[in-house]
Amino acid sequence: MTTLAGAGALARMAIRRDRIMLPIWLYAFAAFIGATVYGFRGLYPTAAGRAEFAATANHNSALLSIYGPFYGSSIGSFTAWRDTAICALLAGLMSVFIVVRHTRADEEAGRGELIGSAAVGRHSALAGALMVAVAANLAAGVVLAVVAIVLGLPAAGSIALAAGIAACGLVFAALAAVTAQLARAARTARGLAVAALGVVFLLRAVGDSVGVGGPRWLSWLSPIGWAELIRPFGPAGGPRWWVLVLPAVLAALAAVLAGLLAARRDYDAGIWAQRAGPATAARWLGTPLALAWRLQRATAASWLAGALVYGVVLGSASHGIQGLFGTTQVRRIVLEMGGAHGLTDAFLAAVMSMTGLAVGGYAISAVLRLRSEEAGARADVALAAGAGRLGWALSHLVIATAGVLAILGMTGLGVAAGLGTGAGTAGGAGTAQMLGAALAQAPAALVLGGLTAALFGLAPRAATTGAWSVLGFTAAVLFLGPTLRLPSWLLDVSPFTHAPRLPGGGVSAAPLLWLGLAAVALACLGLFGVRRRDIG
Amino acid sequence: MDDAIEIAGLRKSYGSATALDGLDLTVSGGEVHGFLGPNGAGKTTTIRILLGLLRADGGTARLLGGDPWRDATRLHRRLAYVPGDVSLWPNFTGGEIIDLIGRMRGGLSPTRRASLIERFDLDPTVRARAYSKGNRQKVALIAALASDVELLLLDEPTSGLDPLMEAVFRGCVDDERERGRTVLLSSHILSEVEALCDRVTIIRRGKTVETGTLAQLRHLTRTFVAAELAGPPGSLAGLPGVHEAEIEGNRVRCQVDADALDAVLGRLTAVGVRSLTCQPPTLEELFLRHYAGAALEPR
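Sequence lines, in order, name chains A and B.
Just so we're aligned, residue 1 is where the first sequence starts under our numbering, counting upward by one.
Just so we're aligned, residue 1 is where the second sequence starts under our numbering, counting upward by one.
Simulated from the structure, these hints should not be mistaken for laboratory data.
Incorrect hints may appear among the rest.
[As the list claims (entries may be wrong)] Computed list of lysine to any residue pairs in SDA-like fashion (alpha-carbon distance at most 25 Å, straight line): (1) K207(B) x E31(B); (2) K133(B) x A301(A); (3) K133(B) x A276(A); (4) K207(B) x G9(B); (5) K133(B) x L151(B); (6) K133(B) x R187(A); (7) K133(B) x V168(B); (8) K207(B) x S159(B); (9) K133(B) x L295(A); (10) K133(B) x E108(A); (11) K133(B) x R275(A); (12) K133(B) x S87(B); (13) K133(B) x A109(A).
The structure presented is a predicted model; accordingly, all values stated were derived computationally and were not measured.
Bound conformation, chain A alone (with noise of 0.2 Å):
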């Protein structure tokens, strides 16, 4: 096997260059996972009011289609429903990110090169990869299954429940490894693999909310569905141990297949063969801004293509809602995840706080483009060409604002669409509500945006870590803020806790005015700092 000679060597690198990044995941895991289970414990103390809700909530096709089916009442039963689909869906990310990173990333940076000349084999880097993100993810499986029996869930169901977690996480990391054979940028190789998973995802959401008659197979199409169709804490019998053959047979043959992708490729190139450019460059393409756009269209497509498709799946979803407006323990469930007013509002609320979260992300990436380009000492040749500072940096934030508002137009648009399509709709959920509900995120999603600004323009080398770590703080403020009962200075601290729930909570011009200004002192510090600093 000599061409995996030093793949040792090189997943042992690889783990020290993610030494923070992975006890953070685990971290998150297992705050995860320990939040759900204190706080059902609290919801729902008696066997009577969880069987009640896990019986409304199934005939829920809005909760069906973002946590899946119960299968059954216990503690376990409620953690399994809440938590897989989501914590698998943070497992596939967290692989792909491990394993486009130490294989296409490193070559595309030209570290690749320095290493494939030592006595490594042409396997190794991708075998190196790949035992990194199956260590990550048996360290999540463990993490998640201890924390689950240490909180007194039944040790079958916990490690049952972790292990679809994790082997969803290995699908992942093996079709990464495919992403990143085909794709020559990292940027090209991640995006695939992550559009993978919103579609595992949604095929899920289908299979698990169409109800009798429609086409529930589909969660069997997809590692998502596979992890919540073990049935962890399930009906009698226990868990279903024989569907984790699935994953494993898929991970398995998705890694065969980039290995043999590997050895059919060069170094530094893809798959896919780089085609041909222009030779010169189109008319627009000369000032700083159009240099922006150009850098930013792709990734602005992809957000827009997915809001629109999370929108319209949400949107339809919501329906379900409607009929059970009596239950009480449905509106529990809902108020926990974030609503206020009316079912369907407080279910649309919520996929609205989860957008502006997401689409703080958005900001925060398009911001940190800057960061990149200032690293990548790319900066330099257009600075130096004539672009002047505050015009270079301003270009990037005009791209970033101008993608917020566009995404979360574009949810809007999408809820409305979704909504629209299903019979029997009674509420007033007009286009124009949808579109306003999702646009009151953007002052929360843009304070993100200019922190990132202002941690680039003042502390650029800390800024990609304390972005992303700013939008991490917010996550957990937004998912476990209500289940952990956090201090409320605490929660005051995250913007999203002052955007208005909308559709069906009161609007306030106040919270909104604040939060825009906050938005652009932070980023006017980012360019005051910008102006001042070193470049490079």
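Given chain A, put chain B in place with the hints provided.
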């Protein structure tokens, strides 16, 4: 013509590491000025300060009569820059990048662009991700040379070019000189500087150690003399300005200071010369003398 670049006592440190420690550099308008120094001497830092990317800690720097930090954008329209390690946008083709840089600078001449692409033999339809280091450098060079600017700041511009392209580059710099452009050429490739530059500044550890025309710098150093004589020359070592004399029978090899050449050659012709080789000092030797310090004497 006014000086294009005037730097006096320039200082810059990164944390505890001092990059520039009182650097002086004057480049007159219309000259091709060599900027020599080993890796880490502070060449790139100096150029980045001239570009307004870095802020100097002390000293003064004037560029085309303006302040490189405050007037950066205005000055950048009058100069072009080629970095030593060219990073380009991976998704853009070479042609797109040349146009983009040229337009941001205020336009470039399409005919010059076309002729330079041909001279440098660049395929402008290839995406930058697929270019080798040399090809990335060509893209930056073409973008710089095709625009109508007064000053070219070239930071080790040939480090990735093959000898053929290096010759093309030299031809281009000669053209620029004829057009009256000013060029600051940072390099550690001595033959290049020797072939191209009117004046040279040598820096070391952030300080200027020598500046002047090549002739002036050579004046400071020694000529290598080897001769076969009609008879034994006697002792040369006693003469002032003679170093490392080696005498083997009728053959002599030694290093001679410029002002001692008369006396040494007089002594040799008095004995009778059968063959004589005199080599002027190369820049290589100048360089070695400045960088090796006392540890290594010139050969």
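For each hint, the structure was consulted:
1. K207(B) x E31(B): Given that 25 Å is the threshold and the Cα spacing comes to 22 Å, the pair holds.
2. K133(B) x A301(A): Violated, because 31 Å separates the two Cα atoms, which is more than 25 Å.
3. K133(B) x A276(A): It holds: about 18 Å lies between the C-alpha atoms, which stays within 25 Å.
4. K207(B) x G9(B): Judged against 25 Å, a Cα distance of about 9 Å means the pair holds.
5. K133(B) x L151(B): Cα-Cα ~24 Å, so holds.
6. K133(B) x R187(A): Holds, because 22 Å separates the two Cα atoms, which is no more than 25 Å.
7. K133(B) x V168(B): holds (17 Å)
8. K207(B) x S159(B): It holds: about 23 Å lies between the C-alpha atoms, which stays within 25 Å.
9. K133(B) x L295(A): holds (22 Å)
10. K133(B) x E108(A): Holds: K133(B) and E108(A) sit about 14 Å apart, inside 25 Å.
11. K133(B) x R275(A): holds (20 Å)
12. K133(B) x S87(B): holds (9 Å)
13. K133(B) x A109(A): Roughly 13 Å separates the two Cα atoms, so the pair holds.
Going through the hint list in order, the structure does not satisfy hint 2, though it satisfies all others.
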